[in-house]
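Colleague: Produce the complete structure using the sequences and hints provided.
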Amino acid sequence: MTIAGLYGALQPSSSAPVYPSALLPSTVTAIPSRYQLQAVAWMVDREGRAVDVDDPCCARFNVASPDGLHDSVWFDRVTGRFAVDPPARVRAPCGGILADEMGLGKSLETLLLISARRRDPGECGRVLLSPWDGRPVTTCATTLIVAPRSLLAQWRCELERHCPHLSSLTYLSSSSSVTAKDMSSVDVVLTSFDVLRQEVHYSKAVPYGLRGEKVHRIPTTPLLELQFHRLVCDEAQQVDNTVTGAAQMALRIEARARWCVTGTPLGRHGLDDFRALFTMIAYDPFQAAGAFSTLLLAPWYAGDPRPMLAAVGAVFWRNSKASVARELHLPPLTTTDVRLSFNTVEAECYRRLRAETRTLVMDDDRRGALPYGNKDEDVFLHRRLEQLRQACCHPQVQNGHSGFDTCRGHRMMSMDQISETLCRAAQDDVSGAERDLCRALNRLGALHIAAGDDRRAWSALAQAWRIAESGYEHATSSSEFALVPTESIVTANSQHRAWQQVLIVTLTLLDGVATRLLASDEAAADDPDLVSSADLVARQRKTTLDEHLVVLLERVRDIRDLIGDYVGSVLDLHMPACGADARRLAERIRREAPALSPDLLDAAVTLQGRLAAERNAIDVRLRAQRLHDVNELIGLCEGPAGRLKQRCLAELCGPSVVGTSSRLSFRSLLVRERASLLKSLGDNADPVATRDDCLALTAQRVQVDSGLLITKIAREVEKQRGRLDEAERALDDERRCIAGWCAIPDTSAEADRSRLLAQVSNLRVTCQRALSHVRYLRYRFSAGGHETTCAICLAVADQPVITVCFHLFCRNCIVNILDRKGNGKCPSCRHALSTTTMYTVVSHADDRQSGAAAAPSPSEAAMLSQEMVGAQQFSTKIGAVVRSILWACRQSPGAKVLVFSQFRPILSIVSRALAANGVEHRHLDGNLRERASALELFQDPGSRVRALLMSLRHDASGLTLHAAQYVVLVEPSLNPAIEDQAISRVHRRGQTRSTFVYRFLVDRSIEEKIIEIQRHRRELMRRQQDEGDGAPDSVPARVAMREHVSMPELLRCLDDDT
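All letters in the sequence shown, in the order written, are residues 592 to 1649 by my numbering.
Source of the hints: derived by calculation from the structure; they are not laboratory data.
A quick note: this is a predicted structure, and the numbers were derived from the prediction, not measured.
Each residue gets a CB set at the ideal place from its N, CA and C atoms; glycine is no exception.
This list has only true hints and no planted wrong ones.
Ranges between beta-carbon positions, derived for each pair:
no. : residue 1 : residue 2 : range
1   : GLN839    : GLY881    : 17 to 27 Å
2   : SER1160   : ALA1186   : 19 to 29 Å
3   : ARG672    : ASP1571   : 42 to 52 Å
4   : VAL635    : ALA674    : 35 to 45 Å
5   : ALA1204   : LEU1144   : 38 to 48 Å
6   : ALA916    : PHE652    : 47 to 57 Å
7   : LEU1322   : LEU1288   : 43 to 53 Å
Modeller: Structure representation (structure tokens):
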């Protein structure tokens, strides 16, 4: 049997009992449909079946035992054991799985159940022992509803709207003031899976004795103090693993009836998802993995669906939209794919990002750096794909990639600013191609030097010098040996050192060639150009080398200067005050610096130890004298007029004795100081004999301190000498590295020269194409950049070229008006032209305009032609989304729009654009109160809020938003089920107006590939249902429900045909 067949077999009968609406409280304001009353009747019946049944794991066999005492044995099909005693009976679950399709009103059915079946007040207030851990719990009539945090506001609205007679409270954490008594006094308690996850290790009370008082409070939770009347897990498919914290906490919570409410009972794990739901409702014995696999899965895959149908059918209720279509009366649903085209800026930005991403992925694949076979592979590939998906929405939002970042507090750039950034990036590409060409020319010159052909070497190296000096575009010369200095090309700081390295090699090789030509070639030696060029090369080589090594040279110089200061002015400052031994050590330091001998360092360590001991002895005697003075001051403060004496002594002694505290008396401060001195002195409390001895000790302390500074200088000089050696080694290594760059090969093979000549030729083409692309970008980004007509023949340009003055012509047309030397003037502006200042158009992108793609429908054309404020500030797709919202608002005064995107930065940009165009909107974000306020305002027909921005990943399920009529999907999703859930927020039971869905796609981008992947995954989902492939490890189950891509899918998305 297939999965679709399973759902069909479990479909409720149309003649199923209907719960009498007359039995519902009169305060229920909702008017339920017939299928909903059938569901309520089934749920009421399920809660009344608290009976024990035979264990389905065990089978009875009639046998005659030898002793004649037993006539049957029992066989456990899970463990494989026999028993002569009958097994214990198991309790049938009091509850079940409510799995109506999305949009059929499962929340209302649950509330009707709460209203229809209340717990007998006589059963409340009893104390029972929990079978989980033996803790006492108190019975109550409260229903606990656990839902995703984002749906709690929705549940509160449903309660107030349909069942105002039910009292409720929301429990968000144990730190709140909600107690078990508060919970038992209301009808409904709302909490979230996050709370269960946080409190899974909490307890009702401390379960063990403590020998001492705990410093921190042991957290407890009131959820474990009650036995609730029923536990309802909304969107139960989110707890798809029985070992998660939320699932474990839900099992610990005591409840008489347990319900799982979900619109997608089977997800990416296939039929195994049933076991997670069975565990939540305590369905014995099938909640155990062994019993579920042996009794249900094995027969299913063997072709016998009866055990699965019997087990699931006992606790499962599912209506489909098709089966209750006559009762739903859903309005029409229209889905439209609005196709857009990149503008020039977006196309160039997307092209660069796609090329970078493909290069990174392919390089990682070649190096074996991709984490194949684990979850990290999905994360890695998903992150690469997300960059391109966000670039389709706005070129500045790419997770900080390629220098465009607007998501982390950065200022949003306009399209003009982005175009300038792209031009700079293209110019950097030109600079990189020029450096590669210079390196190849340097290697070619080195081969010519090895072959003894100095003239060819000069020609190759001079070309490299001219390119490095003026750029490829202006690398011309009037004679063979002329090198004319010009202003260096402008490069970024990050490229400056790379150009220095190239130029050092070029100048070093040129210097050697010029020296040999002047010495051995008489004709060349008489050429004044060679003489002046040789002098220029020599001077420039020295300047470039010094500039390249300036950092290392300055570091060496700074360390030498620091050592000189230590052995100079610092020693001169402290030598007069130190003793004889310290002065002798200072003289040795001055003689030997910077390389101090081991004997000197040993002498410094010995002297430091002796001086430290002397300083400690002096400090003890000085503290003893201070203790004597403090005792005398304390004696003066006692006796008659003590307070007056304290004030006078405080003024005389100053703040050094009084201290910083003004709240204590002078005597108290002295007492505190005396205690500190006694503690530090111990038995060494003998004061100094006279005041002169005290002054002598103070002078001796100064001498000892100066000596200790001398020993410290010795250590510091030794430390700086190590730094100096390291800096000099780095300088020598850099010089050897430069020498290696400029090394001449021992031999010069003809094959090597041919290979380098071909490489130089290819790099020249690369430079020319890069320069042409820069010229093309500047032309396309200019005011007339969209012109494709030749200004001479007035036809579409054939082999278009762009002049230096940014005008477009056919190649043949412009060449025909030039003279024989290739010079002339532009026909449009009379600017001087030559064949070297005209560039062939090299475009990596198409020439289409921004906006809708070819042949839009009349409604799309009207929608995309809406007037918009700040259209140049935002991208093509953001502009189209905002125009569609403006168009929807003008179509109907009360129209409201849901905008879904998987990327929060994109929603932030949409929010900016809507604010700029005066559209009142809300972003469903922030804490629970802010989300509830946003939903309430959007649902209010009288509010001015016209649009609600929502995350497709986190807000696409559970909510009911009938107020909206339009749904905007900013980008396609890899998981088609998520899009279906987002649409079901609007197109569901209770919707009375036609629903319109607009999904925006960019042609010739990765979004086209995503649509193909989505179509393929929808087919896999259909096959999963039609062919019955519900195994959790099957290809349809694993591929169709995931949001990540595989490596083949990513490479397909990065193909150049996009």
